[in-house]
Amino acid sequence: MTKGVRTRAIIILGILLLVVYGIIGFPRNQEELLANLQKNIHLGLDLKGGSHLVLQVQVQDAAKAEADRTIETLKDDMRKRNIDYASIDRNDPSTVEQTDSIQINIHGVPAAKTNDLRDLATGSFSSWTLTPINSSDYRLNMKPSEMISLKKDTVTRSIQTIENRINGLGLTEPTIQQRGRAEADYEILVQLPGVDDPARVKQIMQAAALLELSEVKDGPFTSEDQALAKHGGVLPLNTKLIKMAPRGGEQSESWFLVSRTPVITGRDLRSAKPSRDQMNKWETAFTLNKDGARRFARYTEANVGNRLAIVLDNRIMSAPVIKSRIEDSGVIEGMSGQQEASDLALVLNAGSLPAGIVYEEERTVGPSLGADSIREGLTAGAAGLLAVIIAMLVYYKKAGINAVLALVLNALILMAALSYFDAVLTLPGIAGVILTIGMAVDSNVLIFERIREELRAGKGVVAAVETGFSKAFLTIIDTHVTTIVSCAFLFMFGTGPVKGFAVTLVIGLVANVFTAVFVSRTMFDWSLNRQRQVTSLSI
Amino acid sequence: MEIFKQTNFDFLGKKWPFIIASLVLTAAGFASLGIKGGPRYGIDFRGGAIMDVKFAGPPPDARIRSALSRNIKGDITVQNVGGASSEVLIGTELRSDQELAAARSAMTQTLETTFIPPQDRGKLDFNNSGAQALADRLRDPLLRNGVALSDEQLQDLVGRMVTYRDHDQSGLLTGFDQLSGVRGANSQVIATLKQECTLAPFTVKRVEVVGPKVGGELRWQAVKATLYALAGMLVYIAFRFEWIYGAAAVIAVFHDTLITIGLFSLLNKEISLTVIAALLTLVGYSMNDTIVVFDRIRENLKIIRREKLDVLINRSINQTLSRTILTSGLTFLTVLALFLFGGEVLHGFALALVIGIIIGTYSSIFIASPILVFWQDLMEQRKKPSSVGPPPAVQAARRGR
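Protein chains in written order, with my numbering: chain A, 734 to 1272; chain B, 1452 to 1852.
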């Protein structure tokens, strides 16, 4: 018996050391202790302050862009192969759920050209399936496998871009990850601890930052109608009408007719940075990479005297006249201040988003609320724990010490486990801790009441402890397993906060079976062993 | 010390008043839910935007409301948090993600333009800025004013000032001179702050924007997870005891949850994600309590086979009574501490637990246990002609072991 107790005591001591190490490491002074504590116990954003954002990638944008690209090449190829057509257009899915419905409609193909079109489609457009609708009209649908990889690719690229942008802001410890299923939810979770200005960060993440330098075919016009009227109601091939971004104070609109195929896009940029012009106004200057610079030089040389439109997110920022050959740099004018200029430089450097994003959820906890929550939570926790400890000691005397030690060890194991698993403690997690403490108290009470009952029934002390533990053990197992079973379901079917609750609770309950049954029992045996003849028990 | 040595209360004999009380509470809850059209969901589940703003003085509700309604389409609510406090919750319920995003930025802008005087617009708002922005803003002016700091020293100084603001002043300064106690904040630093920064009379403590789609999904997922968890517990208890025990325990827990949700509706409190966490806690707690009593019943059934079930259950409840009172009392103390000292964020959470623990404790005795007796009576009535042999629960218990 003595030997058994000693082995058990050593096991408990070993676990205790492991637990303490997990929580505070090897601190050499008080500062290090606090630093280690902060490093090991990860508090959720709801407790320490920060922004939690869920955004949805509008994958239908990518599908539409892909369809547009396909239409352009299709038109070219059909012309080359002398396949006549009346018109080619696509439908316009407006929500992510409608993405799969993307289709390209080809109208008015002569019946004699059916085979040519089919050959073209299977040969050059293998990611689409061609379906005849009637003798002259056809439909192209994207193949499901292609659709899935397009969506996945869009989400991955969006995550990369957002990551680049956030890193550009220099925020500490950001988390950017995909949430839910890649092929069905298209959601990105962004967690930013202690962010200064969430509104600005949101704007930076959301900016499409699609930069295009395109040839101006005609303009300026004072309205869309004027432009259309001049061209007989139909826009010339491969052109689009774009509005000039409004400048401070200017009331009149101006529109330009620009080429649909840009000379330079954001992909040709090497870098961008904020700067000021001669009038001391803020602008964003950019330089081009080698390939872009070569194309830009060739183009500007050939087009001296023509206008060039600098288009950002489908708005013309400026449309200067090309005065001479330009090698590799340019500026985007019209910034309201330094911040706008540097934010634009940041998003240009990070690259454009392949699709629009929509914010589905934002939870921002300010740093002062985080501090308040922690302080109030700790006060409440300490008050509750103190009340429990006093009550246990008064009610169960010396045996109460066992219970209190077991309770403290339970809480420590829970904290250490969270630290070892790198789990995050959130508000719902604290709910799990509270239930754990409740059930830990209950386990001790169950055991002690059982021992008292056995003593009342006239059993000896050693026998009473023995029976008390073994009878209470069955009950404890039943209550704990039931709760663990329910936690398993909560974990499987619940979302973030519910999962956090379940994880904390399961860890706490497993620790409790160990502390309440094994540790508490060892302490009883140890104190009983020290006495020669056991006649009474302080319980 | 012992409170109950050996009690012999006739719990099952007094079950009716409690069952009736339960029914009345449930009915009142349902009536309230019916009249109000379902529970009052928080932003989490309903979709919308809220901003928790703390003011230096009494918040000018009317001014906030009129300024906001000029800039935001849709309903605006401005509501004081907890009576005499200086905090307001500004909320709006809009039906699309885009509108919500627009409303959220309109809220911030409106607050800034309404409460920061025009001559201070270009300055940085100290009360609503983080350490990084402050350090960036102060770096050059400090140098110009003759305060030479290395970048590390500057970060440290700004960090101390922000910590003082957040930890000692709850996030809101009313004058820069308050910072004079902070180490390193000498008169030049404070003069620079006065020149570069302004102090808005408010600080944004919390923002939540949840799109309506996410809200609906969260609601459904929480309900689904809870139902599956209940089913899982039913199966496990049925396996360990007998299926009627599982059913009785689940009915009791369900009863607790319903009453708590009903009381929340009666008290006009919101059901938010943290309240859901509290409801899950209460389910766990109440289940634990019920199983302890059931366990004792099972044990007694093995020893005393010829006893009538209601007498046996009464004995079991009495035997576990001191444990029930002690555990419930202690847990209640903890939760009460949370309710009293836990602060605004934990308020709804703690309230649900305070209600839940009371109901969860009595439901094990007055709801779960009577169901076992009802069931046995029902079975006996059915096979009245040949009622010989041990009661079915006993057979079941033997099978279960």
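Simulated from the structure, these hints should not be mistaken for laboratory data. For every residue, glycine included, the Cβ atom is placed at its ideal position computed from N, Cα and C. Possibly wrong hints are sitting among the right ones.
[Stated by the list, open to error] Example chain B residues on the side facing chain A (calculated, C-beta under 8 Å, incomplete):
(1) 1553
(2) 1556
(3) 1797
[What the hints assert, rightly or not] Straight-line Cα separation of at most 20 Å, EDC-like style, residue types lysine to aspartate or glutamate; simulated pairs:
(4) A:781 with B:1591
(5) A:781 with B:1647
(6) B:1753 with A:830
(7) B:1574 with A:1199
(8) B:1574 with B:1591
(9) B:1574 with B:1512
(10) A:976 with A:986
(11) B:1664 with A:830
A quick look at each hint next to the structure:
1. The closest approach between the C-beta of residue 1553 of chain B and any C-beta of chain A is roughly 11 Å, which is over the 8 Å cut-off, so the hint fails.
2. Because the closest C-beta pair between residue 1556 of chain B and chain A is about 6 Å apart, less than 8 Å, the hint holds.
3. The beta carbon of residue 1797 of chain B is positioned within 8 Å of a beta carbon in chain A (closest approach about 7 Å), and the interface hint is therefore held.
4. Annotation: proposed proximity of residue 781 of chain A to residue 1591 of chain B is violated, straight-line Cα distance about 30 Å (limit 20 Å).
5. Distance hint between residue 781 of chain A and residue 1647 of chain B is unfulfilled; the C-alpha atoms sit about 28 Å from each other, more than 20 Å.
6. Under the criterion of a C-alpha separation no larger than 20 Å, the hint pairing residue 1753 of chain B with residue 830 of chain A is inconsistent with the structure, at around 59 Å.
7. Distance hint between residue 1574 of chain B and residue 1199 of chain A is unfulfilled; the C-alpha atoms sit about 73 Å from each other, more than 20 Å.
8. Distance hint between residue 1574 of chain B and residue 1591 of chain B is fulfilled; the C-alpha atoms sit about 14 Å from each other, no more than 20 Å.
9. For the hint pairing residue 1574 of chain B with residue 1512 of chain B, the CA-to-CA distance comes to about 25 Å; that exceeds 20 Å, so the pair is violated.
10. With a CA separation close to 7 Å, the supplied pair residue 976 of chain A and residue 986 of chain A stays within the 20 Å bound.
11. Distance check on the hinted pair: residue 1664 of chain B and residue 830 of chain A sit about 12 Å apart at the alpha-carbon level, within 20 Å; holds.
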